[in-house]
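Asker: Below are the chains, spelled out letter by letter.
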Amino acid sequence: MLKEEFRTHSSYSGRSRFLTFPVFVFVLSLGSGLTIDKMLETISLEQFATFTHLSAFIYGLSVGAFGVMGREYLERRYGRSNYLVAMPFLLPISFRTTFLGIYLRDAVFYIVLLLVPATLGLVAAAPFMGFSLVSIGLFFIAILMTFMLGLSLSFLASVVYIRNVPAFVALTAAIAFAFILHGFLGFIDLEALIPSFGFQMSVRPFESDPAAAALGSLITVVAAVLMTALAYSLVEVRLSVHSQLYPSILPAYHARFRAFKGLNRALISKEFVDLRRSGTVAKMFFAFVLPLLFLSFTAWFVNYGLAIPVGFNSVFYAAMVGFVGVLMYNWLNNIDLAEYYSLLPVTVPQLIKVRIVVFLLLTLGISAFFVVAISILNGETDLLLLALLVMFITSLYTVVMTAYLTGLKTNSFLFDTSVLMKFSVMSFLPDLCLTILSFSLFVNWMVALAGIGIVLFSLGMSTLFLYRGIDRKWSGAAF
Amino acid sequence: MHVLEAKGIVMEFGGLKALDNVSIAVDKADFFGFFGPNGAGKSTLIKILTGQLEPTSGSVDVLGIDVVKEPLKVKELIGIVPEVESPPTYLTGYEYLYFVGKVRNLDNLDDRIEKWLSFFDLEAKKGTICKDMSKGMRQKLMLASAFIHEPALLFMDEPFINLDPIYQRILKDYLEEYIAKGGTVFMASHILEISEKLCNKLAIVNLGKVVAQGSIDDLLKGDENLERLFLRSVGVRPGKGE
Chain E
8 MLKEEFRTHS SYSGRSRFLT FPVFVFVLSL GSGLTIDKML ETISLEQFAT
58 FTHLSAFIYG LSVGAFGVMG REYLERRYGR SNYLVAMPFL LPISFRTTFL
108 GIYLRDAVFY IVLLLVPATL GLVAAAPFMG FSLVSIGLFF IAILMTFMLG
158 LSLSFLASVV YIRNVPAFVA LTAAIAFAFI LHGFLGFIDL EALIPSFGFQ
208 MSVRPFESDP AAAALGSLIT VVAAVLMTAL AYSLVEVRLS VHSQLYPSIL
258 PAYHARFRAF KGLNRALISK EFVDLRRSGT VAKMFFAFVL PLLFLSFTAW
308 FVNYGLAIPV GFNSVFYAAM VGFVGVLMYN WLNNIDLAEY YSLLPVTVPQ
358 LIKVRIVVFL LLTLGISAFF VVAISILNGE TDLLLLALLV MFITSLYTVV
408 MTAYLTGLKT NSFLFDTSVL MKFSVMSFLP DLCLTILSFS LFVNWMVALA
458 GIGIVLFSLG MSTLFLYRGI DRKWSGAAF
Chain U
147 MHVLEAKGIV MEFGGLKALD NVSIAVDKAD FFGFFGPNGA GKSTLIKILT
197 GQLEPTSGSV DVLGIDVVKE PLKVKELIGI VPEVESPPTY LTGYEYLYFV
247 GKVRNLDNLD DRIEKWLSFF DLEAKKGTIC KDMSKGMRQK LMLASAFIHE
297 PALLFMDEPF INLDPIYQRI LKDYLEEYIA KGGTVFMASH ILEISEKLCN
347 KLAIVNLGKV VAQGSIDDLL KGDENLERLF LRSVGVRPGK GE
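Chains as they are written, first to last, in our numbering: chain E, 8 to 486; chain U, 147 to 388.
Since the hints were derived computationally from the structure, they do not count as laboratory data. Watch out, some of these pointers could steer you wrong.
Said to hold, decoys possible - Across the chosen pairs, the derived CB separations fall in these ranges:
| id | chain 1 | residue 1 | chain 2 | residue 2 | range |
| --- | --- | --- | --- | --- | --- |
| 1 | U | Arg-315 | E | Ile-100 | 36 to 44 Å |
| 2 | E | Ala-259 | U | Leu-223 | 27 to 35 Å |
| 3 | U | Gly-282 | E | Gly-38 | 54 to 62 Å |
| 4 | E | Ile-100 | U | Glu-322 | 45 to 53 Å |
| 5 | U | Glu-296 | E | Phe-116 | 46 to 54 Å |
| 6 | E | Pro-258 | U | Glu-296 | 17 to 25 Å |
| 7 | E | Leu-392 | U | Gly-282 | 52 to 60 Å |
| 8 | U | Asn-254 | E | Leu-392 | 49 to 57 Å |
| 9 | U | Asp-310 | E | Thr-104 | 35 to 43 Å |
Stated by the list, open to error - Capping the alpha-carbon separation at 25 Å, the derived lysine-lysine pairs in BS3-like fashion look like this:
| id | chain 1 | residue 1 | chain 2 | residue 2 |
| --- | --- | --- | --- | --- |
| 10 | U | Lys-367 | E | Lys-360 |
| 11 | E | Lys-480 | U | Lys-215 |
| 12 | U | Lys-327 | U | Lys-174 |
| 13 | U | Lys-174 | U | Lys-219 |
| 14 | U | Lys-248 | E | Lys-360 |
| 15 | U | Lys-355 | U | Lys-318 |
| 16 | U | Lys-248 | U | Lys-272 |
| 17 | U | Lys-174 | E | Lys-360 |
| 18 | U | Lys-281 | U | Lys-271 |
| 19 | U | Lys-367 | U | Lys-355 |
| 20 | U | Lys-271 | U | Lys-248 |
| 21 | E | Lys-268 | U | Lys-219 |
| 22 | U | Lys-272 | U | Lys-261 |
| 23 | U | Lys-327 | E | Lys-480 |
| 24 | U | Lys-318 | U | Lys-153 |
| 25 | E | Lys-268 | U | Lys-248 |
What the hints assert, rightly or not - Chain U is nowhere near these chain E residues, computed Cβ spacing over 12 Å in every case:
| id | residue |
| --- | --- |
| 26 | Ser-69 |
| 27 | Arg-170 |
| 28 | Glu-243 |
| 29 | Tyr-348 |
| 30 | Leu-368 |
| 31 | Met-433 |
All of these numbers come straight from a predicted model, not from anything done at the bench. In this text, a Cβ means the ideal position worked out from N, Cα and C, and glycines have one as well.
Turn these sequences into a full structure, and let the hints guide you.
Answerer: Shown next as structure tokens:
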């Protein structure tokens, strides 16, 4: 299974490029380690640890959604590819064992690919920054436990989803409620929600409380094992192959999208039928709305919860909203296979451009709603127009840049280090400029406004250039 | 003038030659059979001839169009039935044909859809989404989507696979009629019995090289049938049971 995962990812970018991904993570971690002093001038080490653990937890959650994905692999019949998740149909092996195998595969794969190189980066920075190797080791253990907790919870949730959707909704709502109680109302400590964070806070360099550390780690391990065991016992594969007949909705969508002409109209209509029937609206919630909610919470928490005077305003928030879009574009590329397009007079660039349009139709309304809401909540309606403009241009730039770099295989190409490097630079630089300039709005609004104008103009021109480049770059690509 | 002419096609995958200097010519109203053992390069050649794959070297001309330079234009004119039936997961049979019709900008689309759903006995299941269809239904849908625009040239990779004997017969009759009306077929298949009755020309490929090519009457020796010709061409002697 590990080999299969490795070959799936490396088939797009090549073996050597894929293997440079952990090197990239190592370098990034080393860079962060060497510049941590600067970061700690703004936030405390505890706040940094909080963000890191929350990120690891969310990362574990996102990796562990394979309970649902596994079923999709089986249902889609993956064109010419066949995946080992289908083994139980042909070999004397149970689905439970296969799913447990996937769980362990994902755990090992992402620990080796991300957590280990990130830790080694910190180890490499240690001699220069005076980090204690013991602290780094304890940090690795804590983050590993947090990641596994997220992975196990997600594994359980996805298995529950297959058996009983209302139970899944209840479970998700309960978890969201617990985090709201913690974040907005302060009723629950983060240590109670993520016990491994409690472990982190009880060991060096924070405290030295062996009893609390042991308790935190014990609860985390027991919780992760219990959730995995429960998920294992609940695993059920129900292929929804049934005789249900569906009404023909494609002609109605085709009539609705009369603003588009010819081929684009047909492709856009089909994308919307796919979105509706595949249940991607629910997935969209996780891929787009949830990150936006998290971002809104973070913006609120930093401003009012932590009361850090960094000036997170609506314009900064709007830029972030624009950059979150890449997740949604990725989902659009994962709805279905596209092999059958190779039989029709359609090219890869045409489909990429249609998905950009679909992305904009899907997200701009939601993004605008969030930006307006945050502007009102922050009492910054005077910045609303500027914030909306920033959101619109960064959204457009981000999706076009992602589409240009990764085509129709975003998930796999982002594991190609050369693509990831370009992606990081192309998203980080404008993001950094807009962040600094938005923070300066209340200090020197004229200079900040001029700067934001220049950045937006540059992003607009880059968008145009990249959009035109999609034809050149992807015209020879296969679906 | 040939409706299909491929010259010196070479296709390499990571240094491995899947096709080695393959040249083929097909005339109007030919039923051209393309045969070879598993992994001989049949599907790869069909992908190259239909503009789905760019060859390492060589030229392909289909209906007067350079396929390497203008693959899209070629796809507008031809019909393709792929080796693996892979219609879109979430569209119904009706919707897939509607989608293909809109992509190809066809007139009288409802009449065409009705005709092909009826031809393949898919009317009662026209509301079934592709992921819920049996392999046979999916194959019928792929055939219908290749025929719906009445192309002058059909490329078919194992078209009889997954079809029951009734529909193998119906498809065979349709293809004979299609050829009689001036259509051209390029077909790869392992079902030699049916192919022998349909094809007037053929090529046999082995390890990426064409080892026999010409009219079926010229290639068959004495009372030899297509199966024996195939085995002889790829260097396999018939077993004891023969």
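Asker: It remains to establish, for every hint, whether it holds in the given structure.
Answerer: Here is what the structure says about each hint:
{"no.": "1", "hint": "Arg-315/U - Ile-100/E: 36 to 44 Å", "verdict": "holds (40 Å)"}
{"no.": "2", "hint": "Ala-259/E - Leu-223/U: 27 to 35 Å", "verdict": "holds (30 Å)"}
{"no.": "3", "hint": "Gly-282/U - Gly-38/E: 54 to 62 Å", "verdict": "holds (57 Å)"}
{"no.": "4", "hint": "Ile-100/E - Glu-322/U: 45 to 53 Å", "verdict": "holds (47 Å)"}
{"no.": "5", "hint": "Glu-296/U - Phe-116/E: 46 to 54 Å", "verdict": "holds (49 Å)"}
{"no.": "6", "hint": "Pro-258/E - Glu-296/U: 17 to 25 Å", "verdict": "holds (22 Å)"}
{"no.": "7", "hint": "Leu-392/E - Gly-282/U: 52 to 60 Å", "verdict": "holds (59 Å)"}
{"no.": "8", "hint": "Asn-254/U - Leu-392/E: 49 to 57 Å", "verdict": "holds (50 Å)"}
{"no.": "9", "hint": "Asp-310/U - Thr-104/E: 35 to 43 Å", "verdict": "holds (36 Å)"}
{"no.": "10", "hint": "Lys-367/U - Lys-360/E", "verdict": "violated (56 Å)"}
{"no.": "11", "hint": "Lys-480/E - Lys-215/U", "verdict": "holds (16 Å)"}
{"no.": "12", "hint": "Lys-327/U - Lys-174/U", "verdict": "holds (10 Å)"}
{"no.": "13", "hint": "Lys-174/U - Lys-219/U", "verdict": "holds (19 Å)"}
{"no.": "14", "hint": "Lys-248/U - Lys-360/E", "verdict": "holds (18 Å)"}
{"no.": "15", "hint": "Lys-355/U - Lys-318/U", "verdict": "violated (28 Å)"}
{"no.": "16", "hint": "Lys-248/U - Lys-272/U", "verdict": "holds (17 Å)"}
{"no.": "17", "hint": "Lys-174/U - Lys-360/E", "verdict": "violated (37 Å)"}
{"no.": "18", "hint": "Lys-281/U - Lys-271/U", "verdict": "holds (14 Å)"}
{"no.": "19", "hint": "Lys-367/U - Lys-355/U", "verdict": "holds (22 Å)"}
{"no.": "20", "hint": "Lys-271/U - Lys-248/U", "verdict": "holds (21 Å)"}
{"no.": "21", "hint": "Lys-268/E - Lys-219/U", "verdict": "holds (19 Å)"}
{"no.": "22", "hint": "Lys-272/U - Lys-261/U", "verdict": "holds (12 Å)"}
{"no.": "23", "hint": "Lys-327/U - Lys-480/E", "verdict": "violated (42 Å)"}
{"no.": "24", "hint": "Lys-318/U - Lys-153/U", "verdict": "violated (30 Å)"}
{"no.": "25", "hint": "Lys-268/E - Lys-248/U", "verdict": "holds (11 Å)"}
{"no.": "26", "hint": "Ser-69", "verdict": "holds (23 Å)"}
{"no.": "27", "hint": "Arg-170", "verdict": "holds (20 Å)"}
{"no.": "28", "hint": "Glu-243", "verdict": "holds (19 Å)"}
{"no.": "29", "hint": "Tyr-348", "verdict": "violated (9 Å)"}
{"no.": "30", "hint": "Leu-368", "verdict": "holds (18 Å)"}
{"no.": "31", "hint": "Met-433", "verdict": "holds (29 Å)"}
In the structure shown, a violation is registered for the earlier hints numbered 10, 15, 17, 23, 24, 29, in ascending order.
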